[in-house]
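**Student:** Chain by chain, the residues run as shown.
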Amino acid sequence: MTLSITVHVNGRASHADVEPRLLLVHWLRDHLGLTGTKIGCDTSQCGSCTVTLDGVAVKSCTCLAVQADGCRVTTIEGLAPDGRLNTLQEAFWNKHGLQCGFCTPGMIFAAQALLNTNSSPTPEQIRHALEGNLCRCTGYQNIVRSVEAAAGGR
Amino acid sequence: MAAPTTAAARVFGSGIRRREDPRLLTGTSRYTADITLPGQLYAAILRSPHGHARIRKINAAAAKSAPGVVEVFTGADTDGVLQMIPCAWLVPNSDLKVGPFRAMATDVVRYVGDAVAVVVADTVEQAYDAVDLIQVDYAPLPAVVDPERASKPGAPQLHTDVPNNVAFHWTVAGGDVDAAFKNAEVIVRDRIVQQRLIPTAMETRGALAQYTPATGELTLWNTTQNPHIVRFIMSGVTGIPEDRLRVIAPEVGGGFGSKIPQIQGDFITVFCSMKLGRPVKWIESRTENYQSTTHGRDHVQDVELAATKDGRILGLRCTVWAGMGAYLSTAAPGIPTILHGLMLSGPYNIAAVKEDVYGVYTNTTPVEAYRGAGRPEATFMLERLVNKLSDEIGVDPVEVRRRNLIPPFDNGHDVVTGLKYDSGNYQGALDKLLAHAGYDALRKEQAAAREQGRYIGIGVSLYVEICGLGPSQVAGAVGFQGGLWESAIIRFHPSGKAHVFIGSSPHGQGEETTFAQIVADELGVSVNDVKVVHGDTDSTPMGWGTYGSRTTAVSGAALAMATRKIKEKARLLTSHLLEAAVEDIDYANGKFFVKGFPDRHKTIQDIALMANVAWNMPDGMEAGLEATSFYDPPNFVFPFGAHLAVVEVDPSTGHVTLTRYVAVDDCGPQINPMIVEGQVHGGVVQGIGQALWEHGIYDDSGQLLTGSLNDYAIPRADVLPEIEVLHTVTPSPHHPLGVKGVGEAGTIASTCTVYNAVLDALEPFKVTSIRMPLTPERVWRAIAGREGA
Chain A
1 MTLSITVHVN
11 GRASHADVEP
21 RLLLVHWLRD
31 HLGLTGTKIG
41 CDTSQCGSCT
51 VTLDGVAVKS
61 CTCLAVQADG
71 CRVTTIEGLA
81 PDGRLNTLQE
91 AFWNKHGLQC
101 GFCTPGMIFA
111 AQALLNTNSS
121 PTPEQIRHAL
131 EGNLCRCTGY
141 QNIVRSVEAA
151 AGGR
Chain B
1 MAAPTTAAAR
11 VFGSGIRRRE
21 DPRLLTGTSR
31 YTADITLPGQ
41 LYAAILRSPH
51 GHARIRKINA
61 AAAKSAPGVV
71 EVFTGADTDG
81 VLQMIPCAWL
91 VPNSDLKVGP
101 FRAMATDVVR
111 YVGDAVAVVV
121 ADTVEQAYDA
131 VDLIQVDYAP
141 LPAVVDPERA
151 SKPGAPQLHT
161 DVPNNVAFHW
171 TVAGGDVDAA
181 FKNAEVIVRD
191 RIVQQRLIPT
201 AMETRGALAQ
211 YTPATGELTL
221 WNTTQNPHIV
231 RFIMSGVTGI
241 PEDRLRVIAP
251 EVGGGFGSKI
261 PQIQGDFITV
271 FCSMKLGRPV
281 KWIESRTENY
291 QSTTHGRDHV
301 QDVELAATKD
311 GRILGLRCTV
321 WAGMGAYLST
331 AAPGIPTILH
341 GLMLSGPYNI
351 AAVKEDVYGV
361 YTNTTPVEAY
371 RGAGRPEATF
381 MLERLVNKLS
391 DEIGVDPVEV
401 RRRNLIPPFD
411 NGHDVVTGLK
421 YDSGNYQGAL
431 DKLLAHAGYD
441 ALRKEQAAAR
451 EQGRYIGIGV
461 SLYVEICGLG
471 PSQVAGAVGF
481 QGGLWESAII
491 RFHPSGKAHV
501 FIGSSPHGQG
511 EETTFAQIVA
521 DELGVSVNDV
531 KVVHGDTDST
541 PMGWGTYGSR
551 TTAVSGAALA
561 MATRKIKEKA
571 RLLTSHLLEA
581 AVEDIDYANG
591 KFFVKGFPDR
601 HKTIQDIALM
611 ANVAWNMPDG
621 MEAGLEATSF
631 YDPPNFVFPF
641 GAHLAVVEVD
651 PSTGHVTLTR
661 YVAVDDCGPQ
671 INPMIVEGQV
681 HGGVVQGIGQ
691 ALWEHGIYDD
701 SGQLLTGSLN
711 DYAIPRADVL
721 PEIEVLHTVT
731 PSPHHPLGVK
741 GVGEAGTIAS
751 TCTVYNAVLD
761 ALEPFKVTSI
771 RMPLTPERVW
781 RAIAGREGA
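First to last, the protein sequences are chains A and B.
Going by my numbering, 139 is the number at position 139 of the first sequence; the sequence numbering is gapless.
Going by my numbering, 658 is the number at position 658 of the second sequence; the sequence numbering is gapless.
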């Protein structure tokens with residue numbers, strides 16, 4: 001059985017017939033070819049698959065593709081379509097907020113969710129907001145600095 | 001957007017932004033799982049649910065007829081196609097016994113996760129659906145998971161002809177250790193368990209194999225730290241000649257040692273593609289990753305230290321049972337031996353050491369290198385016992401260390417295990433640490449807090465590590481089945497831009513930037529004019545890979561030597577073009593000029609153009625501006641440092657709060673301090689993870705109880721303090737750039753630093769030992785004097 005969905009992904013309407021069990025992350029990666037969204041676990045712990053759904057950060061492995069029907073989804077590919085990095089991307093670059101880069105797309109969306117509600121978070125607030133996103137390379141310190149820098153417009 | 005570089009500000013030593021980042025920040029880079037080929041099939045692997053069992057029968061009929069399934073293979077199908085998976089570090093003089101390691105088990109499974117069968121289907125969902133339809137009739141066998149217990153008579157046996165599961169017995173000895181203990185005024189002892197860790201690179205392992213029957217060629221995209229070793233091993237196992245085998249490490253999402261070895265899934269994927277003649281992709285789920293990708297540590301250590309009453313260390317003696325898992329992984333035997341036993345004396349003058357290491361098969365996932373690989377286990381033993389000595393004789397742990405440190409040296413120091421350290425200034429690192437941290441003030445704060453019933457602890461550890469692996473002659477002598485040199489090619493294009501091709505394979509460490517900085521510094525070009533290419537065996541020169549903090553130390557040296565060849569050719573060509581004697585050509589800031597006449601010059605870009613068009617070359621000079629260098633290091637490099645942690649323990653709950661962490665590391669001159677600092681951050685946090693949270697746990701039947709990220713606790717952002725990172729700079733005397741290596745430093749130092757801090761906090765409770773990780777329950781039990789600490 002398949003169901004028809006229409007999802008606005010990175011500003012464009014995408015139509016598809018999908019199995020009801022298909023996760024949003026698999027639809028994005030395997031059907032739309034948007035492989036910037038990563039899969040780092042199978043228990044919704046790592047946050048590598050974080051995207052925004054109608055402006056809210058969600059782990060796209062916790063959401064079925066059919067649940068996104070009629071919604072707006074933004075993936076990492078949608079942040080700098082013309083190659084110009086946004087403030088958070090630029091801050092991660094300036095502050096060495098990434099090493100292998102695998103967790104980075106999810107980190108950026110989790111950080112954006114924080115900045116949407118708190119424009120000048122403390123380091124403690126940043127660390128708390130990112131506790132659902134795992135990074136094995138950076139020890140998080142330069143990620144915290146990146147988010148601070150983005151908040152400060154630096 | 002471009003990173004700022006000018007000739008005036010030296011680019012070597014500048015914390016410029018990474019050239020890797022824009023593609024990673026925009027999701028446009030491609031990791032193995034992101035690549036899809038036309039006609040591609042998907043593989044899903046059926047793995048043993050038992051720690052140890054005999055396979056009676058496999059029935060795959062239902063799976064074979066399931067929707068979308070192309071084929072199901074079992075181990076028997078690989079007979080005559082795949083050889084055994086080899087172990088590539090055959091440590092000599094250790095009676096090494098390699099248990100046969102098949103890509104898929106046929107008669108006996110020996111760990112939870114041992115591969116049994118594979119389904120290949122049109123979609124990944126169909127492949128996993130069909131795996132569930134395969135019926136395997138297992139006869140469970142007794143299992144053993146603890147390496148010491150496995151080595152005792154009567155334990156369940158994993159392999160025939162490996163009595164007591166002992167894969168090898170290796171010893172290292174130097175000096176008269178019996179006399180040291182006979183003459184000792186103080187002996188301190190401990191039993192330390194270096195618990196099993198699961199590396200948890202955020203990208204799991206996977207492979208995409210494309211075999212073309214008409215040509216016999218294989219292209220393999222693989223999550224690896226060392227594509228050239230993959231080609232070598234894969235060729236040996238499959239029989240595909242190396243010239244027809246191309247291995248590509250695309251973007252790789254961290255490794256930490258777990259992407260050194262070749263694991264069952266790699267061979268299974270290649271096998272499926274060989275049999276079906278179509279591209280086949282296999283990507284681990286995280287749960288599969290925890291079972292099938294290699295683990296780290298897993299030592300049981302009995303260790304004792306002999307000293308005088310005034311704290312001078314006379315000798316160290318220990319026995320280690322190192323769990324190998326069910327089979328010997330690629331580099332496994334070298335880790336608890338060469339990379340561990342040779343570093344027993346650390347930064348101290350110790351005249352006598354002896355260690356017995358038993359590598360033991362257990363019904364667990366194979367153990368491999370994990371960040372630090374042998375050196376954290378050695379550092380922990382030594383630094384823990386130095387603290388015990390301090391407690392025993394009532395002298396401050398820092399002072400005990402001072403009384404034993406090797407004095408500063410800048411060009412070689414022989415230690416008791418036979419190594420020659422290259423350079424070190426351990427006092428310098430310690431002094432800087434104590435001054436920055438305010439050690440004396442911290443001790444006062446600690447005393448004041450105790451008056452108020454608060455338990456603050458201060459931990460200090462030093463370390464010296466063996467890195468930059470290493471001279472190939474030594475590699476051969478210690479049984480490593482390969483070389484350890486690196487090569488680099490630098491090729492200038494007519495426009496003055498350059499490509500660099502290296503055989504090592506960075507996967508997050510930033511060498512696309514730091515290696516461009518080396519070229520920029522040596523030849524005066526912009527960092528942005530140098531592209532560093534790695535990770536494809538068809539386009540890069542031979543190299544042995546990225547691990548053991550060796551990429552900058554060895555591959556970087558090869559590149560530096562190649563740039564110097566370019567410089568020499570440029571001098572000769574300049575002399576010809578300017579009609580000046582070659583002795584009169586000087587070089588500065590990217591310009592080759594006639595001495596005393598700086599206006600008579602050629603830039604490196606001029607030379608690149610003239611060499612490439614080759615209109616006017618001197619007699620005998622070849623066209624082009626390109627150089628290749630092979631660098632085989634004359635010795636290892638030995639980075640070092642001193643770390644300090646401050647913790648507070650809540651005795652009512654056993655909860656440990658890490659309140660401060662200070663790291664002083666010395667990796668020689670730093671090419672990019674921002675990247676060095678990032679390496680220290682990540683390394684320190686992984687080591688903290690071992691001390692406080694991480695533990696790969698098996699039950700007695702061999703079930704992995706920590707089989708997902710729900711159960712295995714890697715550090716999260718909200719449980720860590722800001723890490724204060726400082727450095728001293730002691731160049732390596734034998735490296736062309738003086739650099740050492742920093743990838744593993746943080747992990748080597750931090751586990752024992754944090755552990756020592758917690759035990760220091762618990763001093764009023766007379767707690768002298770707790771098993772890691774120091775979870776609240778264990779700490780609470782130790783304080784309460786209960787079992788199970």
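None of these hints come from the bench; they were simulated from the model.
Among these hints, one or two may not hold up.
As the list claims (entries may be wrong) - FRET-style restraints, in silico, Cβ to Cβ:
#, chain 1, residue 1, chain 2, residue 2, range
1, B, Gly15, A, Glu124, 20 to 28 Å
2, A, Arg72, B, Glu242, 44 to 52 Å
3, A, Arg84, B, Gly453, 52 to 60 Å
As the list claims (entries may be wrong) - Chain A stretches covered by chain B per the calculated footprint, using a threshold of three residues with CB under 8 Å from any CB of chain B:
#, stretch
4, 44 to 56
5, 59 to 71
6, 78 to 87
7, 95 to 109
8, 115 to 123
Quick reminder that beta carbons are idealized off the backbone N, C-alpha and C, glycines included.
**Student:** Work down the list of hints and note, for each, if the structure agrees.
**Tutor:** Hint check:
Under the hint 20 to 28 Å, the C-beta atoms of Gly15/B and Glu124/A, about 26 Å apart, fit the expected range. The hint said 44 to 52 Å for the Cβ distance between Arg72/A and Glu242/B, and at roughly 50 Å that hint holds. Checked against the hint of 52 to 60 Å, the C-beta distance between Arg84/A and Gly453/B comes to roughly 56 Å, which is consistent with it. With 3 residues having a Cβ less than 8 Å from any Cβ of chain B, the stretch 44 to 56 of chain A passes the three-residue criterion, so the hint holds.
With 0 residues bearing a CB less than 8 Å from a CB of chain B, the stretch 59 to 71 of chain A misses the requirement of three and the coverage assertion fails. For the stretch 78 to 87 of chain A, the proposed coverage by chain B is satisfied: 4 residues have a C-beta within less than 8 Å of a C-beta in that chain, meeting the threshold of three. Closer than 8 Å: that is the beta-carbon criterion, and the stretch 95 to 109 of chain A has 10 residues meeting it against chain B, so the requirement of 3 holds. Counting residues of the stretch 115 to 123 of chain A whose CB lies closer than 8 Å to any CB of chain B gives 1, so the stated coverage by that chain is violated, three being the minimum.
Hints 5 and 8 from the earlier list are contradicted by this structure; the remaining hints agree with it.
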